[in-house]
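If you follow the hints, you should be able to join the two separate chains into one complex; please do so.
For reference, the chains in residue letters:
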Amino acid sequence: MIAHSIFFYFFSIIAIFSSLMVITSRSTVNSVFFLILDFISVGCLFIMVGAEFLGMILLIVYVGAVAVLFLFVVMMLNVAEQKQSWFIGKKSNHLPSGLIISVLILLELLVVVGGWKYKEDLMSSSTLILSDVSNTHQLGLVMYTDYILYFQLAGIILLLSMIGAILLTFRKRTGVKRQSYFKQISRNPSSAIELKDVESNKGVKIND
Amino acid sequence: MLEYLQILGQEVYKIFFLLVPILVSVAMIVWLDRRIWGLVQKRRGPNVVGPFGLLQTLADALKYIFKEIIIPASANKVVFILAPIVTMTLALVAWAVIPMSENFILSDINVGILYLFAVSSLGVYGIIMGGWASNSKYPFLGAIRSAAQMVSYEVSIGIIIINVLLCVGSLNLKEIVLAQKDLWYVIPLFPMFVVFFISALAETNRPPFDLPEAEAELVAGYQTEYSGMMYAMFWLGEYANILLMCAMGSILFLGGWLPIIDIYPLNLIPAPIWMILKILFLFFLFALIKAIVPRYRYDQLMRLGWKIFLPFSLIYLVLTASFLFYFDKLPKGNF
Numbered sequence: 026m027i028a029h030s031i032f033f034y035f036f037s038i039i040a041i042f043s044s045l046m047v048i049t050s051r052s053t054v055n056s057v058f059f060l061i062l063d064f065i066s067v068g069c070l071f072i073m074v075g076a077e078f079l080g081m082i083l084l085i086v087y088v089g090a091v092a093v094l095f096l097f098v099v100m101m102l103n104v105a106e107q108k109q110s111w112f113i114g115k116k117s118n119h120l121p122s123g124l125i126i127s128v129l130i131l132l133e134l135l136v137v138v139g140g141w142k143y144k145e146d147l148m149s150s151s152t153l154i155l156s157d158v159s160n161t162h163q164l165g166l167v168m169y170t171d172y173i174l175y176f177q178l179a180g181i182i183l184l185l186s187m188i189g190a191i192l193l194t195f196r197k198r199t200g201v202k203r204q205s206y207f208k209q210i211s212r213n214p215s216s217a218i219e220l221k222d223v224e225s226n227k228g229v230k231i232n233d
Numbered sequence: 071m072l073e074y075l076q077i078l079g080q081e082v083y084k085i086f087f088l089l090v091p092i093l094v095s096v097a098m099i100v101w102l103d104r105r106i107w108g109l110v111q112k113r114r115g116p117n118v119v120g121p122f123g124l125l126q127t128l129a130d131a132l133k134y135i136f137k138e139i140i141i142p143a144s145a146n147k148v149v150f151i152l153a154p155i156v157t158m159t160l161a162l163v164a165w166a167v168i169p170m171s172e173n174f175i176l177s178d179i180n181v182g183i184l185y186l187f188a189v190s191s192l193g194v195y196g197i198i199m200g201g202w203a204s205n206s207k208y209p210f211l212g213a214i215r216s217a218a219q220m221v222s223y224e225v226s227i228g229i230i231i232i233n234v235l236l237c238v239g240s241l242n243l244k245e246i247v248l249a250q251k252d253l254w255y256v257i258p259l260f261p262m263f264v265v266f267f268i269s270a271l272a273e274t275n276r277p278p279f280d281l282p283e284a285e286a287e288l289v290a291g292y293q294t295e296y297s298g299m300m301y302a303m304f305w306l307g308e309y310a311n312i313l314l315m316c317a318m319g320s321i322l323f324l325g326g327w328l329p330i331i332d333i334y335p336l337n338l339i340p341a342p343i344w345m346i347l348k349i350l351f352l353f354f355l356f357a358l359i360k361a362i363v364p365r366y367r368y369d370q371l372m373r374l375g376w377k378i379f380l381p382f383s384l385i386y387l388v389l390t391a392s393f394l395f396y397f398d399k400l401p402k403g404n405f
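Sequences listed follow chains H and L, in order.
Each residue of the first sequence is one higher than the last, beginning at 26 in this note's numbering.
Each residue of the second sequence is one higher than the last, beginning at 71 in this note's numbering.
Pulled out of the complex, with its shape left as it was, chain L reads as follows (with noise of 0.2 Å):
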């Protein structure tokens, strides 16, 4: 029973020092989005608080902490209270697989890509249930939305997905990662990594496919009840999320912790700076993305997901596992 103990104890252990980086990461990125939406348009952005304004988003979370939560009488009590919680545990859950290195890597499961799948798409429920136990009009639609959006976008990744993995021949993502020690994803299938980038944009419900949260129809959609920490549970978790999205496009397209070619100055900087790096790259393009376009129009979300990205990703996937086929460059498996 003891040595149960002293495993679990590890498990911990390991599980704090993989959880507190993620926390103080997604706050930086906070910081560095409103960065670089404000240098987009010509504004300083958040520049007072620490250094570059760094401290920022430490005394937004301490400004939450202080403020009263308040429950609608008319909510649903537990599930009202149950989805900020939901949709941070979830965001958070998902990292236990992202591998920063070939060893660091908390657990490796066969079916890593899976999971984060999975995962990606339990994320519905915390949008779900935060709309419907506020009991209000416009957090429900915002929900509704929310639901549908990221339910039809989940289709199109759910192939790309297969598009890799018909490549690599595993489910595992340390495998996905080392399949690309040649050529990484990205050149042989660049389409698939736009739609990727675009359905992940959609996923994690961030601009131009804000319409869940859109101020101008739905005040603040299903966070509208929201206030003190319980809002600010649903925002790191939406960032968290968004980070996820982008770890998941650097393994899939980008190969991970690998660097850019194998020789001698470039290899000698640590994988999980490489791994960093590439998430930061993505993420910059997500920041990039929020400043210069404008929001979509529900209809249009929608004909864009199922009418264009489903049947393109689709074809993609004949087209990929043809040449395969064809050039005889299936993967063998490894059993």
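One chain only, chain H, in its complex shape (with noise of 0.2 Å):
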């Protein structure tokens, strides 16, 4: 048992570390690469406490695709900008909404683990039953018959608001020239040449 200790609190110091950098560091990339070091702790907490389907997800989705949007987006911010004094000695007028919202994240918090008392009836299932079986295939007994519509929802939920989002970014432009692999390859050399004769002061009209 000491050894796990000492692994829970190696991971767990981290996450913690990790976490209070990512809201206090100066530099934006460097808070995305500390949030990316707490998913990774988290992930490890989550292999440690025998849920090694949800650690490895975890790392796949959030550390794998998640995170690395975040720092394109962030990348992408002016860092010499950021340096500038406004920014620093700026105060901040977001002060009010944020502790409205940090209030309300820290009462969700404590109903949820004081609801940890009635684990047994709020995480009931009548289809899982504890035994040696792999938490992936337990996970997957219980998602897809328990709760197979709060999990269709969530995929549709997910659906919609790709869809939502590709609605929102696209714009058809005018004007663009756009290769058409059937037309190339359909192409052939008695198609597209043409000759023509070309009168004096008269020229040909071309039309692509």
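For the record, the hints were derived by calculation from the structure and aren't laboratory data.
Where hints are given, some of them may not hold.
Here are the simulated lysine to aspartate or glutamate pairs, DMTMM-like style, with alpha carbons at most 25 Å apart [stated by the list, open to error]:
id : chain 1 : residue 1 : chain 2 : residue 2
1  : H       : LYS208    : H       : GLU219
2  : L       : LYS377    : L       : ASP280
3  : L       : LYS402    : H       : ASP171
4  : H       : LYS202    : L       : GLU287
5  : H       : LYS197    : L       : ASP369
6  : H       : LYS202    : L       : ASP369
7  : H       : LYS208    : L       : ASP369
8  : L       : LYS399    : L       : ASP332
9  : L       : LYS207    : L       : GLU287
Okay, the calculated beta carbon distance ranges per label pair [as the list claims (entries may be wrong)]:
id : chain 1 : residue 1 : chain 2 : residue 2 : range
10 : L       : PRO91     : H       : TRP141    : 45 to 53 Å
11 : L       : SER392    : H       : PHE195    : 29 to 37 Å
12 : H       : PHE42     : L       : PHE382    : 41 to 49 Å
13 : H       : GLY123    : L       : ILE155    : 35 to 43 Å
14 : H       : PHE195    : L       : ALA129    : 49 to 57 Å
15 : L       : GLN76     : H       : ASN160    : 26 to 34 Å
16 : H       : PHE42     : L       : VAL82     : 24 to 32 Å
17 : L       : PRO91     : H       : ASP171    : 43 to 51 Å
Not everything, but these chain L residues come out facing chain H in the computed CB check (under 8 Å) [claimed, not checked]:
id : residue
18 : TYR74
19 : ASN180
20 : VAL181
21 : ALA188
22 : ILE198
23 : TRP202
24 : ALA217
25 : GLU224
We put the CB at the ideal spot given by N, CA and C, even for glycine.
So, in structure tokens, the structure goes:
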């Protein structure tokens, strides 16, 4: 058990430290790097409690895809601009709204932790029988039986948000030449080249 | 406490004996790559240092060690130094779960294939960090290209992995191999094997998808500002990743350490040799493609990933699932 607790404290200290660094570090890119470190150490904690599927999915989805996009956006910001004095000395006027949100989150956390006592009633499942089945199988058994509706709803919400994002950024440009692969491949020398007699002082009309 | 130290010592010993062969084989594979490239173009390739030029990579590595490491004045120093280390570490760390035979495996974890997928998707960080920290235009463009490319092709690799998992019913790499005892998945899932192979080319930034380091446009992409040992680490990490993708391909589709047919002279050959032969076969294809295919344009690359591979592998996934369901061949699992 000693090794287990050593590793637990190791990963949790890294997790807490990096989450503090996310909100305190001045450089936004460093913040994102600390966020990634946070995700990784939380993933390690998941694996330590035996939820290896969740840990790996956290790594794949959050670190492998979401954080990359975060980093993309943040890297586009102008670093020199952030170092100017107005950025550092400026007082934030988001204090009231931030306070309300953080109080709400604190309350939610309290409710969740308080409800832990009643977890037998809250998290009962008729299909799940605890045994030495690997937790990937267990998750599959519960997710596609008891919670199929929520699972499908989550999928539909994600699909809708994807379609929404595409719709918001989509704009049809005019006057852009596009490559048509079928047109290119179906060209042959006889139809591609056309011979014309050019009359003097008149020229030919070229249409593409 | 002494017991823990003993266990730790054993593990370190095992890890050491895994890492050294991998590093040596990476060096050899670089030589093989250049050699095949040369032979396709009717050149000789590196053939001077050592027998058949086998020691060429070692000589190169020695040269890199003695070169000066130059850090640009405007670079973000910590991230700049961290980037090659991240690339190299992630490329080596993934080998922990690769089974070379039924017993020859460092850690036999339940979610082996997910671990491989996670580590290979983390590989993009080394490149982004290197490109951003250089604080220069070409590396940054290269890093952005590379990140977009790797994220797009990961999606189709993920769906291909799901295809295989549907047939196996387990995430354990050993069980994936053992499930192919009667029939390698390259036969029923041949289209997926082709898509996997091409996606692996894109995932490891190999030609014809080596746009992140397209020398005609971006000098050397994200590696432009790197020199000496740090450049060598990027380079070794890249080749270790290529080997890893070959190993993944041979586990998922070519039946890992299993012999072609389980008959007398063939099953005398030890299992790790089969595995190595399959990895080498896939790498040979990688090297051939580098020599014979011209580079893609960036929009063509994105089109191939999102508009062709993604729908195709999704459709094939539905087909596989329906086939398995209809003929009642779905794996029952071991629970």
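Notebook entry, point to check: Which hints from the list above does the structure break, by number from lowest to highest?
Noted result: As far as the earlier hints go, not one is violated by this structure.
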